[in-house]
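Next come the chains, spelled out residue by residue.
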Amino acid sequence: MNTAETAEYDDRIVRNFAWATVIFGIIGMLAGLYIAVAMFAPAISFGSEYLTFGRIRPLHTNAIIFAFVGNGIFAGVYYSLQRLCKIRMYSDKLSKIHFWAWQLIILSAAVTLPMGFTSGKEYAELEWPIDIAITLTWIIFGINMLGTIIKRREKHMYVAIWFYIGTFVTVALLHVVNSMAIPADILKSYSAYAGVQDALVQWWYGHNAVAFFLTTPYLGLMYYFLPKAANRPVFSYRLSIIHFWSLIFIYIWAGPHHLLYTSLPDWAQSLGVVFSLMLIAPSWGGMLNGLLTLRGAWDKVREEPVLKFMVVAVTCYGMATFEGPMMALKSVNALSHYTDWTVAHVHVGGLGWNGFMTFGLLYWIIPKIYNKELHSKKLANMHFWVGTIGILFYVIPMYWAGITQGLEWKQFTENGTLAHPNFLETVTHIKYMYHMRAFGGLLYFIGAVLMTWNLIKTASGAKVEDEKFVMPPPLVDTGEEKLPAGMMYKHRWLESRALLFTGLSLVAVLIGGLFEIVPMYLVKSNVKTIESVKPYTALEQYGRDVYIREGCYTCHSQMIRPFRSEVVRYDWKDQRDYSKAGEFVYDHPFQWGSKRIGPDLHRIGGKYPHSWHFSHMADPESTSKGSIMPGYTNLYEDEIKWSFAPKSIKALRKVGVPYKIGYEDECIDDMKKQAEIIFAELQKQNSKVEVRGELYEPDASKEIIAVIAYLQRMGTDIKKVAELPKDKVEENKQ
Amino acid sequence: MEEEKDDKKVMGHEYDGIQELDNDLPGWWITLFWITIIFGVIYLAYFHIISPESTQDAEFQAEMKKAALEQEARIAAAGGGLKIDFPQEVLDRAEKGKQTFATFCVACHGNLGQGTQCPNLTDNHFLHGFDYDKIAGIITNGSPKNPAMMAWKTSLTAEQIQNVAAYVFTLRGKNIPGKPAEGTEYKSEEIANAAAPKFDATASSAPAKPMTPEEKAKSSYATCAACHGANGEGNPATKAPALAGQDAIYLARQIKNLKHGKRVSTEPLAAGMLPMLALLKDEDIDGLVKHIQTLPAPKIVHTEKGDATKGQPLYAICATCHGFKGEGNPVLKGPKLTSLPDWYIVSQLKAFKEGKRGADAAKEPEGALMAPMAKMLMDEQAMKDVAEYIKGLGK
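For the record, the sequence lines run as chains B and H. For the first sequence, numbering that gives the first Met the number 0 gives the first residue as 0, with consecutive numbering after it. For the second sequence, numbering that gives the first Met the number 0 gives the first residue as 0, with consecutive numbering after it.
What the hints contain is simulated information worked out from the structure, not anything from laboratory work. Nothing here was measured: the structure is a model prediction, and the numbers come from that model. Treat each hint with caution, since some may be false.
[Said to hold, decoys possible] DSSO-like mimics (lysine-lysine), calculated; alpha carbons at most 30 Å apart, straight line:
(1) K144/H x K430/B
(2) K701/B x K659/B
(3) K701/B x K215/H
(4) K527/B x K64/H
(5) K97/H x K409/B
(6) K280/H x K683/B
(7) K579/B x K64/H
(8) K95/H x K572/B
(9) K217/H x K687/B
(10) K258/H x K683/B
(11) K687/B x K144/H
[Claimed, not checked] For each label pair, taking beta carbons as the anchor points, the in silico distance ranges come out as:
(12) D56/H x P518/B: 13 to 21 Å
(13) L126/H x K659/B: 48 to 56 Å
(14) Q311/H x Q682/B: 55 to 63 Å
(15) D359/H x Y431/B: 25 to 33 Å
(16) L31/H x I22/B: 35 to 43 Å
(17) L126/H x L406/B: 27 to 35 Å
Beta carbons are placed, not taken as given, at the ideal position from N, Cα and C, and that holds for glycine.
In isolation and in its complexed conformation, chain B is listed as follows (with noise of 0.2 Å):
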């Protein structure tokens, strides 16, 4: 019985995932191509509210996150899983299963996004339904790759599976806390967190999709294919243990870092800042893993593309993974965030890190699994530097306008008044970037065809035969296994109990996220309540419903940080108060936003006419000359739906805002009433507005009503404090 016996590997699932990738990859790329360029020239959706920055900017990152990268990784694990544990995937059902859902996922993800369907949260834009899919598609995967583990004729788990471990269930974790949302119809759901609560799970949420969908999966897959495409030892096991646990321990922790200076309460922002400092040596124990692993193996690099792409990539992981640290030290982070350094930051590691590593990736697995020699090895190289060129067009025009928009927006004049008043005009100062940066993004997607074109020419006439492999005998327990001496060592006994580890890498992830996440909710200090500030009413709610469906989060935060310079230019009323955490109590989900492509909107309510915004919303241009905010002229167009308002309110009540009972029966003779206060304010106003030659004027039904309502809700609660009797206006004064 315990004899060797002949098997084959599953090899037609990596086919398959591997050719998902490339797809997704080109068109996840081309999406990101086409945003680029209507950063500066947003006449190319050509009106069509399909095609707004807001609707095709979630597509871009989810198709490349869990498109791209995502087949990626499962096309790597697939192949590399199989040959560590040395024994077929556990089910091919399962596999073929997990490979049909998830590209089904990512097709209805591909509707839904530009039709306008999303939950509002970054990276997590996906409507309910997508997400209980998406859940059940990823334990099919776990249950997958758990078996296969379990079943391994391999005594001891190699430290890719460990990454690969640590990636589901982590990735489950969070993907299950953070999508709490309770339906009000079929695609449309709220956030079951308010305000800052929703801010931190979200971004410790985003934070670890970076670091357990783009990070750790990644780390494991280099583990496997750097070592082969080399065939050099790994550099350091011992490195391999400490950085492993360490990254994902500490990587949990470090989510606030994407919320300093908000209204997240200051502890939290600290542990973020700490932790994030502390991510620096536990990342580069995973660089240093994958560099020294190619001592004595330098010429090599010079002949394999494969290598070239790795190495490349594992830079990138290291610059990112400095820069990332910096960025979180709260005096770094003041002049960067919002500006265009955070996405010149995610591109080093999306163009650098996960980009090229899947290249590499690619070009290794395809001429295997077909059993062929690649196509063209000049046309890898030029893929290389057409790919590496590419990065730099991109990432150093966004560096540069990043860090002059900052400092734009801080400057004051020797009188004390902002040097650069108009927002816009730091847009425009930066726009020839943008050409640039769209310059850097044609060369990459130039390289990622040139790979497709390489790789269709590699597999072409061939077919993938499952690989033959000598099976060792299933493993029997032999006892106490003799370790080496020496602490470390100890831990080989964990990699041969797969249950255990997993175990704890959930206690390793846990930790740090329940530190955070329970004493937000626990303690009220962390959130003071303000009086003054009240539930939107139904018209506002669904203003705020479209403000999410179009995606208005995607260039405008409602987050004025404590500065000088943030209060005197968007707290146009008083220039004295900051965003306090006390103003997001209603907002499921929250809307802060990462980045300011324009102004921050969270006070402006009330600082223009309703006019203004009529002709704002559709025609930009003709209130903001310069502006590169798509027209959204369907809002005219479209007819508010009523009946939606009754199911928003009960659903609402459900995630806790406080709508008094019956309020969704009166609701929309409310927002009816509230509607006609608007118009007769736009009529008097002799609002009207050409676009393309079509006149636009006032409607009481119609869309731009409910968003004009929203916007002139927005942050005008607060100063109401003066309208509250005495002794509640104290309270009120933080």
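Assemble the complex: chain B is given as a structure, and chain H must be docked to it using the hints.
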């Protein structure tokens, strides 16, 4: 060398051919890790145990306090500004106007009127004059120069406008440091001695009515008047030709051509016209032209000198389309020439000759007819001679 050393440290296992070395953790890496951990401990201890009062709010309050002190110093340095004794009615209205100002105006003009995006209202410099009537006029009808300053008569009541204007009137000369000065500078005495405002006590607090077409045209022309003069007399300094007395069809066509980029503006200052034209709706152009036609035919300022006797034979060819008396010919689309200043005629002839105008028949078919004619003129002197002759026709 290095490889050999490594080989000895290979762990006794392999996974799918991958071996692992048993190298030590790099020393600098461990040091780095410890430094970041120690930093973290110190950071948390400092901000949350040793000095828990150093919150981001405290940081913000300190920054704001510093700015406030700087502003006080600046105001003191500016000498406190002008002090004027206003009649009680002005002060009463200013007090009320301040509320409206705080709601509608501070976004651009700053909470003290010191100007942020829009002009400082407290200095000695004025773009549109410092009289109460001028101020009220700009608030009512908007700025002719900057669309951002909209006509507030549709949003504010006549009463509110008077009050805001009174408030702005009291701000003048206070010299609160803010947006750098713009416009013409006036002496403090001049500002202090401005005529006392006359308020309309019967002004209704009801919202203003929408403008009649005539009022609309008049307010549109206010924008044009900045360069072309209140009576459409033109201004050689701004290179703006006279408009009054010109044929209506011709005027409407040129406004549309300029607006839609069919006619290229040859004067450098004319570029400033485009954003203003962009605000003018096509359907309002006829009304505007009608208004221009009501302007009294003014005295035109000529600046060139030529020889009319030499110009006479040259004009013969012009007469076909522009008439023997330079009166223009609407059928052949030649504009009236006698209402134009000579410098403008010369500059346009040059533009046609050099191909800056009339080069594209698809855009400006009438101009394309004119271009070959202008090319027949030898040089600038010939153009001046023709212009001199045309001047004579008008007398």
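Status of each hint after checking the structure:
Among the hinted pairs, K144/H with K430/B is consistent with the structure: their alpha-carbon atoms are about 26 Å apart, no more than 30 Å. Between K701/B and K659/B the CA atoms are separated by roughly 26 Å; this keeps the pair inside 30 Å, and the hint holds. Using a Cα cut-off of 30 Å, the hinted pair K701/B and K215/H holds, with the two alpha carbons roughly 28 Å apart. The suggested pairing of K527/B with K64/H holds, with an alpha-carbon distance near 24 Å, which does not exceed 30 Å.
A threshold of 30 Å between alpha carbons decides the hint, and for K97/H with K409/B the separation of about 29 Å falls inside it, so the pair holds. For the hint pairing K280/H with K683/B, the CA-to-CA distance comes to about 19 Å; that is within 30 Å, so the pair holds. Taking the CA atoms of K579/B and K64/H, the gap is about 19 Å. The hint holds against a cut of 30 Å. Annotation: proposed proximity of K95/H to K572/B holds, straight-line Cα distance about 17 Å (limit 30 Å).
Between K217/H and K687/B, the direct Cα distance comes to roughly 20 Å. Compliance with the 30 Å bound is thereby established for this hinted pair. For the hint pairing K258/H with K683/B, the CA-to-CA distance comes to about 28 Å; that is within 30 Å, so the pair holds. At roughly 22 Å between alpha-carbon atoms, K687/B and K144/H fall within 30 Å of each other, so this suggested pair holds. Checked against the hint of 13 to 21 Å, the pair D56/H and P518/B passes, with Cβ atoms roughly 19 Å apart.
At roughly 52 Å, the beta carbons of L126/H and K659/B sit within the given window of 48 to 56 Å. The given range of 55 to 63 Å is respected by Q311/H and Q682/B, whose C-beta atoms sit roughly 60 Å from each other. For the pair D359/H and Y431/B, the beta carbons lie near 29 Å from each other, so the given range of 25 to 33 Å is met. Remark: the range hint 35 to 43 Å for L31/H to I22/B is upheld by a beta-carbon distance near 41 Å.
Distance hint for L126/H and L406/B: a CB-CB separation of about 30 Å, consistent with the stated range 27 to 35 Å.
Violated hints for the displayed structure: none, as all numbered hints are satisfied.
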